[in-house]
Amino acid sequence: MSKLFAYLQLMRPANIVTAIADIMAGAAATGVFTLALYTNNNDWNSDYLTYLFWLIGATIGLYGGGVVFNDVFDAELDRKERPERAIPRGDVSVTEAGILGGVLLGGGILMALQVSRMSAIIALAVALCALLYDAWGKHQLIFGPLNMGLCRGGNLLLGMSLIPETISTYWYLSIIPVVYIAAITMISRGEVHGGNRSALWGGAVLYGLVITSIVLLISFSSEINWIAFLFLVLFASQIFPPLMKAIHYLKPQLVGKAVKAGVISLIILDATLAAVFASWEYGLLVLLLLPLSFGLARFFAVT
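Residue numbering for the sequence shown follows full-length UniProt numbering, beginning at 1 and increasing consecutively.
No lab work stands behind these hints: they were computed from the structure. One or more of the hints may lead you astray.
Computed spacing ranges between beta-carbons, pair by pair [unchecked claim]:
#1 Q140 / R197: 20 to 30 angstroms
#2 L4 / L128: 23 to 33 angstroms
#3 P291 / Q140: 30 to 40 angstroms
#4 S213 / L4: 48 to 58 angstroms
#5 P241 / Q140: 26 to 36 angstroms
#6 L132 / S213: 24 to 34 angstroms
#7 D47 / R197: 48 to 58 angstroms
Cut-off 20 angstroms, straight-line C-alpha distance, at most; resulting in silico cross-link-like pairs (EDC-like, lysine to aspartate or glutamate) [stated by the list, open to error]:
#8 K138 / D74
#9 K138 / E81
#10 K3 / E96
#11 K80 / D91
#12 K138 / E76
Heads up, the beta-carbon is just placed ideally off N, CA and C, and yes, glycines get one too.
Turn these sequences into a full structure, and let the hints steer you where they fit.
Here it is in structure tokens:
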């Protein structure tokens, strides 16, 4: 049981829930679930629900594998800076973690293949992007945040691959998580030794760009979805207060809380996108992942 718990610690279960939200938000852009809610059920193919579950399984594998390899590549550094993690504690060896990560990434790609070749190609790209970040990207000042953001943007595209033709129309939505994750990655660099105020302000500016882009999406919709604005207000209320506190005090633990709030609030961001492109009911369904992620975050580290 202790070994299983250690494996789960490596996979960051609370974060995986946020990846599931990405898939659901991407699926919202396809219009499939709007069709299910507002048209005759005979017009809706229930196979889409099966495909959605395959994509959710794929993202569990891809995200889980990516964060496991993060700890594999950081094993030596973590012995000094993060001794509480599973590998430095000796609960899991580097070899065992590497096997787990490989199985998760491979499984994620295979599950995506059950939906379409396009889904598998996107899953492969996300896996390679995650490995690049783990091995090299996270050490790069400029490319690192962009690299991590591309993983999340690819994950949103993976959700859209529920209907591959959607990607050519709504590909630009993937830029939103790219910018948002770049912000979180920038903020997280002060988590161990204390914050860099310039980097934290940079993260705040990127947060502002994300919110502005969603306001524009809502405003230019054929019918303005006022309920989507409520989702957006909730999103802003979760990410800015802890970040402002971290900027003021520059303490590592406060930076950590700002990072945690940013990661968990990905679910609210995805719920907002879901409300914009599907319906407030579907957005609420995505939002229900939030208490699950918070609950898991009580037992498993987010960063």
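Violating hint indices (sorted, rising): 4
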